[in-house]
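Protein sequence lines, in the order shown, are assigned to chains E and A.
Note that the first sequence covers residues 0 to 184 in numbering that gives the first Met the number 0.
Note that the second sequence covers residues 0 to 452 in numbering that gives the first Met the number 0.
In case anyone wonders, no lab produced these hints; they're calculated from the structure.
Fair warning: there could be bad hints in the mix.
What the hints assert, rightly or not - Dumping the calculated DSBU-like pairs for lysine-lysine here, alpha-carbon to alpha-carbon at most 35 Å:
id : chain 1 : residue 1 : chain 2 : residue 2
1  : E       : Lys22     : A       : Lys362
2  : E       : Lys53     : A       : Lys283
3  : E       : Lys26     : A       : Lys362
4  : E       : Lys147    : E       : Lys158
5  : A       : Lys7      : E       : Lys34
6  : A       : Lys361    : A       : Lys7
7  : E       : Lys15     : E       : Lys3
8  : A       : Lys20     : A       : Lys207
9  : A       : Lys361    : E       : Lys33
10 : E       : Lys91     : A       : Lys23
11 : E       : Lys26     : A       : Lys361
12 : E       : Lys15     : E       : Lys165
13 : E       : Lys53     : A       : Lys169
14 : A       : Lys361    : E       : Lys22
15 : E       : Lys33     : E       : Lys53
16 : E       : Lys53     : A       : Lys277
17 : E       : Lys34     : E       : Lys22
18 : A       : Lys207    : E       : Lys22
19 : A       : Lys362    : E       : Lys53
20 : A       : Lys283    : E       : Lys15
21 : A       : Lys207    : A       : Lys219
22 : A       : Lys219    : E       : Lys22
23 : A       : Lys361    : E       : Lys34
24 : A       : Lys295    : E       : Lys22
25 : E       : Lys15     : E       : Lys34
Said to hold, decoys possible - Residues from chain E shown here face chain A by an in silico Cβ test under 10 Å; the list is partial:
id : residue
26 : Met50
27 : Arg54
28 : Ala100
29 : Pro103
Backbone N, C-alpha and C define an ideal beta-carbon position, used for all residues, glycine too.
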Amino acid sequence: MSTKVRRVYGYLAEFKNASQLYKAAEKVRDAGFKKWDCYSPYPVHGLDDAMGVKRSILPYFVFIGGLTGFITAITLAYTTQVGLYPTVVQGKPANIFTTAAFFPVMFELTILFSGFTVLFGLLALIGLPRWNHPIFASKQFARVTDDKFFIAIEARDAKFSAEGTKALLDEIGGDNIELVEDDSE
Amino acid sequence: MAHQVTSKDIPNNGEHLEKSKIAKLQLITGVIGGIGLIASIIYLFVGGGVEDPKTEAHESSVAHGSYAFSWLFAVFFVLTLALGGCFWTFLHNLSNSGWGTSVRRMMENLGFVFPFLIVFCIPFLFPQVQQYLWEWMTSYNAATAAHPDMDASKALMHSANAHDHLLAAKTFYLNPGFWILRFFFYFIGLGFFIFLVRKFSIAQDTDKKPGTKNLFAARKHSSWSMIIFAVTLTFLALDLVMALDYSWFSTMFGVYVFAGSALNSMAVLILTGILLQKAGYLNKVVTQEHYHIMGKLCFAFTVFWAYVSFSQYFLIWYANITEETRYFLLRNTENWNLVSLSLVFMHFALPFLVLLRSDVKKKPNFMIGLCCFILFMHAVDVYHMVIPERGPSVGLVVGHHPKLWIDGSFLGDVIALVTAISGFLFLYLRNLTSVALYPHRDPRILESANLHN
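Chain A with its partners taken away, still in its complex shape (with noise of 0.2 Å):
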C-alpha cells in the first residue's frame, strides 16, 4: 500500500501555482481573448448593413449575421463549461462527500469563472445582435410598435403573419424587458453565489482557528445554490439557445444541457488536475484514485446525457407533432444529418465503450486525449444546437431568402470559439493563481489524500 499522507506532507500555506511558470500562457489566452472579444463587439455593433435588413439581401449583413451565430455558439459552449464547474462545487458541499476535498478547489475556481464570462454575453444584450438570433423579438416590437394601444399577445394576434400568433401565448415570458431581467439574473444571482461558496472555502485558507464553520457554512449555503443553479442553467438555455426557434417547445431541453455541461466539466476538471501534477502540483493530494472517480462521474454523465438526449429525440419522434418535430426535422436536413448521427456514435457510444473499462481511468496519459476529444464533441454537440438555426434565420432577416447554409460561415465559427476560449482559459488560470490550489487547512483533506476506492 502506498505512503499514508499525513499533516506534515501538507505544506503550512498551501500549494500556489506560480505566475511565472504560466504567464506566458495567461499572457497569449489573455490577448487572443481581449482582441478577440473586443473586436467582436465592434463587429458585431457596427458591421455589416443593420440599416434595412429588408432589403436586397448583401454580404456584409450575411456575414454579420453568420458571425452572430457564431458568437452564441462560442459563449455558449464556454458558459456550460463554467456552469458545470458550478453545479460540481454545490453538489460536492451539499452531498458532504470527503472524496473529492483535494480537487474541490479547481471545481471552485471553474465555477467562478461564470461571473466573468457577462463580458463576452454583452453582444446578446443589443438588437443589432438580437435581430438575427431572436426573431421572437422582432416580431414583438413590431406588433407592439403597430398596435400602441394593445398589450403585447393581443397586438401579436393582429400581426399579418400566422406564426405570431403562437408568440402570443408565450408573452408572459418571452418579452424583452423580462429577457433583459433574466439575463442580469443569471449572471448576478449565481455569480454571487458561486462567489460565496468558495469565499468560505478560501477563508478556511487562513482562518486562525481552523475549525468546521466555514465547512459547514459552505455546506448550508450550497443548498438554495444548487436551486439558483438549476433555474439559471435551465432558463440560460432556453434563452439563449431554445428561444433560437419561439415556435420550438421541449421540456426536456434544460436538463439535456445540463448533461452535457456536468460531463465536460468534469472532463476540464480532469485535465487541470492531470496537467497540474505534470507540472508539479498536486502531487501528495491527488492520486489514481480520484481520477478513477472523476472518470466514473465522466461515464456516468456520458450514459445520462444519451439518455437525456435519446429521451428528447424518441418522444418528439414518436408524437410527430409539428412544433416539436421542426427541431429534429432541421437538424436532419442533408448534411446535418451526418452531424446528428456523429453525436450517437462519438458522443456516447465512443467514450461508453472505452470508459467502461477501470483501467483507463488510472492513465493520465490516456485520459488527457479522451477528455480532449469528449470536449471536442461537445463543441460539436453546442454547434448542433445553435448553428442549424443560423441559415434559415439570417436569411429570413436578410432578403427573405432562407438557406440551409451561410459558405464561407465556417471561420466565424473557428474565430468565436478559439476567442472564447482563449478568453475563458484566460480567467480560469487567473482564478487558479489567485488562491492556494487546494485547500490544506479543510479538515478532510488527509481523508481526501488518502482515498481508496
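With the rest of the complex left out, here is chain E (with noise of 0.2 Å):
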C-alpha cells in the first residue's frame, strides 16, 4: 500500500438484486441524503421515485432551444426572400403570405436547435465525457455490469459521516461495504 493521503471518495455497499436495491433506495433517501446514486445492471422500474430523483430540467433547455431555432429560421428565411433577395418564383408574392415556403426550414431548424440542446444539455448536465470516475476503484464495482446492485453515497454529502454512513448502509442490508478512495493523480 502506498503512503499517499488519498481523497475519499465514499462509501459503497452491495445488493443481492433489483428489490432491495429499491428498498434500501428508499431509505436512503429518507435519511435525507442527496449526492449519492444506485448502480444496476439493467433499468429498474420506479427507482427514480425509490430515489427521490426530482424532474430534470432538461425540457426547459430544450423548450428555449427549439424556441431559439425556430425564430432563427423565420429571421433567416424572412430577411434574406423578403427583405434583401427576393426569388420570384411562379409569381408567388415575397411578402409575409410566403411563410408557408419557410415552414420546412422553421421545421427543420427547430428540430436541429432542439436535437443539438438535448445532446449537449444531457452531456452537461450528467458531466460527460469525462476521463475517469472515482468509483472505478472499487474492484467489486466491476461486478455491476455483471449481476449485482450497488449503492454509493459519496463524502461530499453534508450528512456524511465515517461511521453514521457505514451504519446506515449496513442496517439497511448491504453487503461487502467498502470505502472507495480517489486513486486517481
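Two independent chains are provided; combine them into the complex using the hints.
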C-alpha cells in the first residue's frame, strides 16, 4: 500500500437484487442524502421515485433551444427571401404570405436546435465526457455490469460521516461495504 | 408507490354504468336527437322549393339548400368521432397492447356508434338533398337523360357546360349507382366488423373459461377490419366532402380527415374516462398513467394533423394547378381566411404548446377543458371543409347566383350540430350502459391497471 494521502470518494455497498436495491434506495432517500447514486445492471422501474430524483430541467433548455431554432429560421428566411433578395418563383408573392414556403426551414431548424440542446444539455448535466470516475477504484464494482446492485454515498454529502453512513448502509442490508478512495492522480 | 391492483380489487361481474344515474341525460339527448332528426328529415324532404330550382331564387329554396350543408357538416362531425373509435379499437387489438385494456371498452363503445349513424345519413340518399350538395349527380343525370343512347362519360362530353368534361373522366367512380353501393358498404362493412370485434370482447366478460381465445380472435379479426376501416374512412370522406366540388382533387384528403378523426375520438375517450371517474366508476383500473398515454396520443395526432394539413396546403400552393387551388382559394376569400388561420393557431399551435408539458396530461380538470377545446376546433375544422362550398353551390342551383355566404344560415348549422351531437351522445351512452365498463376478465386487465410509464 502506498502512503499517499487519498481523497475519500464515499461508501459503496452491494445488494443482492433489484428489490433490495429499491427498498434500500427508499431508506437512503428518507435519511436525507443528496449526493448518492444507485447502480444496476439493468433499468429498474420506479427507481427514480425510490431515489427521490427530481424531474430534469433539460426539457426547459430544449424548449428554449427549439424556440431559438424557430426564430432563427423565421429571421433567416424572411430577411433573405423578403427583405434582401426576393426570389420570385411562379409569380408567388414575396411578403408575409410567403411564410408557407418557410415552414420546412422553420421545422428543420426547430428540430435541429432542439436535438443539439438535448445532446449537449444532457452531456453538460450529467458531466460527460470525463476521463475517469473515482468509483472505478473499487474492484467489486466491476460486477455491476453483471449481476450485482450497488449504492454509493458520496463523502461530499453534507450528511456523510465515517461511522454513521457505514452503519446506515449496514442497517439497510448492504453487503461488502467498502470505503472507496479516489485513486486518480 | 401506489397500491398494487390485484384480482381481488376487480369486481366479479365487472362495473356497470347504472342506468338510473344517466337516465336524465339519456332522455334529454334522446329527445333532442330524435326530434331534431325527424324534423330535419321532414324539412330536408318536403321543405323548400324542389320543383324548379332553375327559376328565380326564392328564400325557402335557399334556406332548404343551406340546411342540407348544415346537416352534412353536423353528421360528418359525429361520423369522424365514431370512426376514430373504430380505429383505436382495431389498433389496440392489432398492436397487442396491454396498457389500454382498461379503457378499451370505451373505444369499442365509441366505435360501435358508427353503424347506427346511418340513420343520420338517410337524407343524403335522396335527390332533394343531393341536388344542393353534389353537383356532379345533377350533371350526370342531366347528361345521361339528354343522351340516353350514349354511355355516361360520352354523354358528359356532349354537355354544353364545359365543366362537365372534367366529370367525364371520373364517371368510373362518380356515378350514382356506385355511389349508393359504396354508401351502404361503408356502414354495413365497417359496422359489421366493429360489431364483431366488440362481440369478442364482451363474450370474454361472461366466458365460463376465460382464456385467451376471445382475445386472440379479436386480434385476428382486427387485421382486415383495419383495412376496411382505412377504405371506409378515406372514401367516405371523398364521397361526402371532397365530392362537394367534383373538379377538386387531393390525395391527402383522406389522411387529413383521418388525422382529425383519430385526434378527436381520443379527446372524446379522455373526456369519457374522466367523467366516468368523477361519477365513481373505473377508479380501480384507470389511473393518471392512462391519461398520460392518451394525452401523448392526443399530442402526437395534433402534430400529425398539422403535418398532413400543411402537406396538403403546401403542395397545392406550390404546384399552383387550377383544379387543385380552388379549394384553398375559396377558403381564403374574405372572412374564410380568418377561419383558415384560426385552424393554424388554435387547432395546432395552442394544443401543441399546451400538450408539450407532461404534467398537464395528468390533470383531469385541465384535460376536460382542453379536450372540449380540441373538439370545438375539430368542429371548426369540419366546418371549414364543408361550409365554404355552400354559398357557391346553393347559389348556383337556386337562381344561378353564387354567393360566398348565405345570410342567416349559421342558425341552421347550430341546430344541425346540436341535433347530431345529441343523437351521437344518446347512442354512445346506450352502448356504455349495455355492457360492463371495462373488460374485467381480460387476461391483461391487471397489467393495464398497474400501468407505469
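Outcome of the hint check:
no. : hint                   : result
1   : Lys22(E) to Lys362(A)  : holds (29 Å)
2   : Lys53(E) to Lys283(A)  : holds (28 Å)
3   : Lys26(E) to Lys362(A)  : holds (30 Å)
4   : Lys147(E) to Lys158(E) : holds (26 Å)
5   : Lys7(A) to Lys34(E)    : violated (41 Å)
6   : Lys361(A) to Lys7(A)   : holds (26 Å)
7   : Lys15(E) to Lys3(E)    : holds (34 Å)
8   : Lys20(A) to Lys207(A)  : holds (30 Å)
9   : Lys361(A) to Lys33(E)  : holds (28 Å)
10  : Lys91(E) to Lys23(A)   : violated (57 Å)
11  : Lys26(E) to Lys361(A)  : holds (28 Å)
12  : Lys15(E) to Lys165(E)  : holds (18 Å)
13  : Lys53(E) to Lys169(A)  : violated (61 Å)
14  : Lys361(A) to Lys22(E)  : holds (27 Å)
15  : Lys33(E) to Lys53(E)   : holds (11 Å)
16  : Lys53(E) to Lys277(A)  : holds (30 Å)
17  : Lys34(E) to Lys22(E)   : holds (18 Å)
18  : Lys207(A) to Lys22(E)  : violated (41 Å)
19  : Lys362(A) to Lys53(E)  : holds (19 Å)
20  : Lys283(A) to Lys15(E)  : holds (33 Å)
21  : Lys207(A) to Lys219(A) : holds (22 Å)
22  : Lys219(A) to Lys22(E)  : violated (42 Å)
23  : Lys361(A) to Lys34(E)  : holds (30 Å)
24  : Lys295(A) to Lys22(E)  : holds (31 Å)
25  : Lys15(E) to Lys34(E)   : holds (22 Å)
26  : Met50                  : violated (13 Å)
27  : Arg54                  : holds (9 Å)
28  : Ala100                 : holds (8 Å)
29  : Pro103                 : holds (8 Å)
Violation of the numbered hints given earlier is confined to hints 5, 10, 13, 18, 22, 26; the remaining hints are satisfied by the structure.
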